[in-house]
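Start from the sequences, fold in the hints, and give me the full structure.
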Amino acid sequence: MSKDRIGYRVRTKINRLDQNTIEKIKQYDTTLLADGAGSRIALSSDLKPVIQEKSIVGPAITLKLTLGDSLLVSKAIDIAQAGDIIVIDAFGTDMNAVWGDLKSLIAKQKNIEGIIIDGSIRDVSACREIGVQIYCKNIVCSSSTKNSPGEINIPIVCGGMNVHPGDIVVGDENGVVILPADDVDKILENAKKKQEMVEKIRQEIIKGKYISDNISEKMKQLGYEDESV
Numbered sequence: 001m002s003k004d005r006i007g008y009r010v011r012t013k014i015n016r017l018d019q020n021t022i023e024k025i026k027q028y029d030t031t032l033l034a035d036g037a038g039s040r041i042a043l044s045s046d047l048k049p050v051i052q053e054k055s056i057v058g059p060a061i062t063l064k065l066t067l068g069d070s071l072l073v074s075k076a077i078d079i080a081q082a083g084d085i086i087v088i089d090a091f092g093t094d095m096n097a098v099w100g101d102l103k104s105l106i107a108k109q110k111n112i113e114g115i116i117i118d119g120s121i122r123d124v125s126a127c128r129e130i131g132v133q134i135y136c137k138n139i140v141c142s143s144s145t146k147n148s149p150g151e152i153n154i155p156i157v158c159g160g161m162n163v164h165p166g167d168i169v170v171g172d173e174n175g176v177v178i179l180p181a182d183d184v185d186k187i188l189e190n191a192k193k194k195q196e197m198v199e200k201i202r203q204e205i206i207k208g209k210y211i212s213d214n215i216s217e218k219m220k221q222l223g224y225e226d227e228s229v
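Going by full-length UniProt numbering, the first residue of the sequence shown is number 1, and it counts up by one from there.
Hint data in this document are derived by calculation from the structure and do not stem from the laboratory.
Hints should not be assumed to be uniformly reliable.
[To be verified] Simulated crosslink set (BS3-like; lysine-lysine; CA at most 27 angstroms straight-line): (1) K218 - K193; (2) K193 - K26; (3) K54 - K108; (4) K194 - K220; (5) K26 - K137; (6) K207 - K192; (7) K48 - K26; (8) K218 - K207; (9) K108 - K26; (10) K26 - K192; (11) K193 - K220; (12) K54 - K110; (13) K194 - K54; (14) K13 - K110; (15) K13 - K24; (16) K192 - K24; (17) K200 - K220; (18) K54 - K26; (19) K48 - K75; (20) K220 - K209; (21) K48 - K24; (22) K192 - K218; (23) K54 - K193; (24) K75 - K146; (25) K137 - K75; (26) K48 - K146; (27) K26 - K110; (28) K186 - K13.
Structure representation (structure tokens):
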């Protein structure tokens, strides 16, 4: 079967950023990265951290499933390397789980960084005990079939965002962002500036200044005037 046949594409290799860049990304949380992007990079808020004991950062292994089926999930885990994050487009289904405790156990053995699922999982207690970080939309008890096509390491949509193989996924208690590999340097530069500005404002608040110069200037531009009570 051709690896380029739509619905049956399984690509085993992705481009991964160097570890030094990954470590730089780990210096910033998702809020700073989202602000630094200048455009939307955050997945929708209904993708929740079901199992989240730490922040995760790593390149995306992408997986597109047939609705209600999880045949290729095991293959995606097999392809993934230590530090990767598997991002699954399961069409947001709340009828069938595409992930459970046995898959978490394999992912743990392979040191996979985390799992992002636009869909459902089950075996939550066991998955939590295993400890692989998981973000998903739903928790259900029903399993999925394992006999339908899917595609690995192609562009997908997850949480309303386009995700390409090798894009950098960052997840923490605030949510998940997707950093396009080509934009990482610019996003980091802007995130650093935002971090410095936030720290400056924090110090001003500690000293008793509760409205920043930026806010005061913006209000002035909009025509606000101070009035004596």
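Hints versus structure:
no.: 1; hint: K218 - K193; result: 19 angstroms, holds
no.: 2; hint: K193 - K26; result: 16 angstroms, holds
no.: 3; hint: K54 - K108; result: 14 angstroms, holds
no.: 4; hint: K194 - K220; result: 22 angstroms, holds
no.: 5; hint: K26 - K137; result: 25 angstroms, holds
no.: 6; hint: K207 - K192; result: 23 angstroms, holds
no.: 7; hint: K48 - K26; result: 20 angstroms, holds
no.: 8; hint: K218 - K207; result: 22 angstroms, holds
no.: 9; hint: K108 - K26; result: 20 angstroms, holds
no.: 10; hint: K26 - K192; result: 12 angstroms, holds
no.: 11; hint: K193 - K220; result: 24 angstroms, holds
no.: 12; hint: K54 - K110; result: 18 angstroms, holds
no.: 13; hint: K194 - K54; result: 23 angstroms, holds
no.: 14; hint: K13 - K110; result: 17 angstroms, holds
no.: 15; hint: K13 - K24; result: 24 angstroms, holds
no.: 16; hint: K192 - K24; result: 10 angstroms, holds
no.: 17; hint: K200 - K220; result: 21 angstroms, holds
no.: 18; hint: K54 - K26; result: 11 angstroms, holds
no.: 19; hint: K48 - K75; result: 24 angstroms, holds
no.: 20; hint: K220 - K209; result: 18 angstroms, holds
no.: 21; hint: K48 - K24; result: 25 angstroms, holds
no.: 22; hint: K192 - K218; result: 23 angstroms, holds
no.: 23; hint: K54 - K193; result: 24 angstroms, holds
no.: 24; hint: K75 - K146; result: 12 angstroms, holds
no.: 25; hint: K137 - K75; result: 22 angstroms, holds
no.: 26; hint: K48 - K146; result: 25 angstroms, holds
no.: 27; hint: K26 - K110; result: 21 angstroms, holds
no.: 28; hint: K186 - K13; result: 25 angstroms, holds
Checked against the numbered hints given earlier, this structure breaks none of them.
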